[in-house]
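Peer 1: Protein chains in written order, with numbering that gives the first Met the number 0: chain A, 0 to 188; chain B, 0 to 357.
One or more hints might be untrue.
Claimed, not checked - Here are the computed lysine-lysine pairs in the DSS-like style, where the Cα-Cα straight-line distance is at most 27 Å:
#1 A/19 / A/92
#2 B/349 / A/175
#3 A/92 / A/29
#4 B/215 / B/182
#5 B/217 / B/190
#6 B/182 / B/217
#7 A/92 / A/156
#8 B/215 / B/194
#9 B/349 / A/132
#10 B/215 / B/190
#11 B/191 / B/303
#12 A/117 / A/156
#13 B/349 / A/157
#14 B/303 / A/66
#15 A/122 / B/349
#16 B/190 / B/308
#17 B/194 / B/145
#18 B/349 / A/156
Because the hints were derived from the structure by calculation, they are not lab data.
What follows is the residue order along each chain.
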Amino acid sequence: MQIKEGSLLFDFNDDVTAIKFDEQPFYRNKFNVLKGARGVDILAYNRECFMILEVKDFRGYEIENRKRVTATSSVSKGKGCTEEPLDLELALKVRETLACMLAAALDDNEEDISPFFKPIIDKARGRSNISLKVLLFVEGDIPRFPLYSRNMIDSIKKKMRWLNARVFVENIDTHKAQHFFEPSRVKQN
Amino acid sequence: MYIKRLELKNYTSFDSLQLDFSPNINIISGENNIGKTNIIKALYSTTRTIDDIQTENEKPGLPPVTREKMGEMLARKLVGVYRPDYVGRLARRTTGRAHASFRIIFNNDNRFVVSFDSSAKKSVSIGGSIQRLLNSPLKSVYIPPKEIISAAENFAALYERYHIAFEETYYDLNRLLLLPAKKGPTNTRQKKLLKKLEMLAEGKVVLQQNGRFYLKAKGIGNIEMGLVAEGYRKLSTLLYLISNESLTEHSILFWDEPETNCNPQMISPLVEIMIELARIGVQVFICTHSYFLQQEFSLYSEYKAEREKLDIKFFSLYKQDGNITAESGSTLAELEHNTIMQEFNELYNKEQELFYAD
Numbered sequence: 000m001q002i003k004e005g006s007l008l009f010d011f012n013d014d015v016t017a018i019k020f021d022e023q024p025f026y027r028n029k030f031n032v033l034k035g036a037r038g039v040d041i042l043a044y045n046r047e048c049f050m051i052l053e054v055k056d057f058r059g060y061e062i063e064n065r066k067r068v069t070a071t072s073s074v075s076k077g078k079g080c081t082e083e084p085l086d087l088e089l090a091l092k093v094r095e096t097l098a099c100m101l102a103a104a105l106d107d108n109e110e111d112i113s114p115f116f117k118p119i120i121d122k123a124r125g126r127s128n129i130s131l132k133v134l135l136f137v138e139g140d141i142p143r144f145p146l147y148s149r150n151m152i153d154s155i156k157k158k159m160r161w162l163n164a165r166v167f168v169e170n171i172d173t174h175k176a177q178h179f180f181e182p183s184r185v186k187q188n
Numbered sequence: 000m001y002i003k004r005l006e007l008k009n010y011t012s013f014d015s016l017q018l019d020f021s022p023n024i025n026i027i028s029g030e031n032n033i034g035k036t037n038i039i040k041a042l043y044s045t046t047r048t049i050d051d052i053q054t055e056n057e058k059p060g061l062p063p064v065t066r067e068k069m070g071e072m073l074a075r076k077l078v079g080v081y082r083p084d085y086v087g088r089l090a091r092r093t094t095g096r097a098h099a100s101f102r103i104i105f106n107n108d109n110r111f112v113v114s115f116d117s118s119a120k121k122s123v124s125i126g127g128s129i130q131r132l133l134n135s136p137l138k139s140v141y142i143p144p145k146e147i148i149s150a151a152e153n154f155a156a157l158y159e160r161y162h163i164a165f166e167e168t169y170y171d172l173n174r175l176l177l178l179p180a181k182k183g184p185t186n187t188r189q190k191k192l193l194k195k196l197e198m199l200a201e202g203k204v205v206l207q208q209n210g211r212f213y214l215k216a217k218g219i220g221n222i223e224m225g226l227v228a229e230g231y232r233k234l235s236t237l238l239y240l241i242s243n244e245s246l247t248e249h250s251i252l253f254w255d256e257p258e259t260n261c262n263p264q265m266i267s268p269l270v271e272i273m274i275e276l277a278r279i280g281v282q283v284f285i286c287t288h289s290y291f292l293q294q295e296f297s298l299y300s301e302y303k304a305e306r307e308k309l310d311i312k313f314f315s316l317y318k319q320d321g322n323i324t325a326e327s328g329s330t331l332a333e334l335e336h337n338t339i340m341q342e343f344n345e346l347y348n349k350e351q352e353l354f355y356a357d
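Construct all of the structure, not just a fragment, from the sequences and the given hints.
Peer 2: Spelled out as structure tokens, the structure:
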């Protein structure tokens, strides 16, 4: 299953079911009309893992987005950075996404998002050992990426203490082929 | 005077190695046991011996030190600093008798050549432009990983009287610390540097009659060095070495792992001070495992060094085909082998595996 997000293509392993969350009718037409609503880019799961995936593609726009790439709540604090820090943005998107999934599951006519709620509710009820994972995929020329991601992971974890989930940050260069999906860059028309 | 180049042959763990140094700041990294400290100890033992011979020759009524005695003095220094059973043990271990040598080339092309066999017990052969070197101003200071300022009052006496298993670098530093401080700074740069250090250390360092060091803090009074955090003891050590002019123009400072027992917050001020020291004409050599220290220097090198006319050089030691070799660059990004960054990448890979694991 393939999902295109901007100029990035995510080719998920055969056993994975995935959707582009923020393009689903329920999200766009019902949830997102509420002021301040937001959602992550992709939801995906297989028997072992449920992944909430947010994609940030700064490739070619690193200079304009310099502050945004590096902004975590602690770095931007007190430095006059008006951009919303990435760690906070992701945490809020995850919160809203989970709320939207619950609402979709309660809607009898919803069929796109609600199947994704089942693995989560099964885990909540102790019926599965699936692990919940939040992945931030940051593309762009970011110097010292392992150090950048270390700082970003810690900041996201701080913002997401309320959720029992694993957190990681990677990009095309650091992603390993056998892991859940294969990312690549596609040519824009 | 500063060190331009070192050439090692069959010395300690090195087969053959040549390093060209910066006259300002040199940062040496590499995995454990690769020989970082061996390099700065070779440089220190030699420069310290030259420094000692200069002092000896200044004593009135005594004949100048002979070349033979110089060879004995250097052999003693090498044994004291590295602590092998005898000096010949510093030759690279091979089957049969090995011949070790190292050559230090200073600015103005002055050279100091040292050679010895693995059987050498009490003396090494020395050669080069010795007389010219002895007439050039030079002070050599080595700061080992652990601080000594809090035990200064009796360490030197103990070391001289008893056989205690401490590297001589501690004794040497202790001796320098016990030299009296000058009444006031001799020039504006020194004054500025001392002021900055006093601000960071939050006090002045005083040596009392009883031979003990205290940090004199405003509004608190004298605090015994033993009660001060280790990072501050390191700052105090530098402060005092500047005050008594052990660290001045023409000094060479060797600092082995400045980060030891230091809070990472202390690294930035330490780097600032090393840059200031280089500005007053001190040639600095640092061995480090600290990511923060490396990065602080690299940032300085990338953004400021050229404008401020300071040359920073990074060295990485690594093994290739069983031999230790080195690469160098003016920024960390120029190094292909950086153990500290490799470790960071390993940590990232480990976390990624855990993230994707079931």
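Peer 1: Against the 27 Å threshold, does the CA-CA distance of residue 217 of chain B and residue 190 of chain B hold or violate the hint?
Peer 2: holds (19 Å)
Peer 1: Take a quick look at whether residue 349 of chain B and residue 175 of chain A sit within 27 Å of each other, Cα to Cα.
Peer 2: Holds. Residue 349 of chain B to residue 175 of chain A sits at ~12 Å (cutoff 27 Å).
Peer 1: When you check the alpha-carbon spacing of residue 92 of chain A and residue 29 of chain A, does it fall within 27 Å?
Peer 2: Holds, at about 16 Å.
Peer 1: Quickly compare the C-alpha distance for residue 117 of chain A and residue 156 of chain A to 27 Å and report which way the hint goes.
Peer 2: holds (24 Å)
Peer 1: Between residue 194 of chain B and residue 145 of chain B, does the CA-CA distance stay at or below 27 Å?
Peer 2: holds (25 Å)
Peer 1: Compare the distance between the alpha carbons of residue 92 of chain A and residue 156 of chain A with 27 Å, and conclude whether the hinted pair is satisfied.
Peer 2: holds (14 Å)
Peer 1: When you check the alpha-carbon spacing of residue 303 of chain B and residue 66 of chain A, does it fall within 27 Å?
Peer 2: holds (22 Å)
Peer 1: Check the hint pairing residue 190 of chain B with residue 308 of chain B against an upper bound of 27 Å on the C-alpha distance.
Peer 2: holds (21 Å)
Peer 1: Would the hint linking residue 215 of chain B and residue 190 of chain B be met if the CA-CA limit is 27 Å?
Peer 2: holds (18 Å)
Peer 1: Between residue 215 of chain B and residue 194 of chain B, is the straight-line Cα distance small enough, at 27 Å or below?
Peer 2: holds (14 Å)
Peer 1: Hinted pair, alpha-carbon criterion (27 Å max): residue 215 of chain B, residue 182 of chain B. Please report holds or violated.
Peer 2: holds (16 Å)
Peer 1: Would the pair residue 182 of chain B and residue 217 of chain B pass a check requiring their Cα atoms to be no farther apart than 27 Å?
Peer 2: holds (20 Å)
Checked against the numbered hints above, the structure violates none of them.
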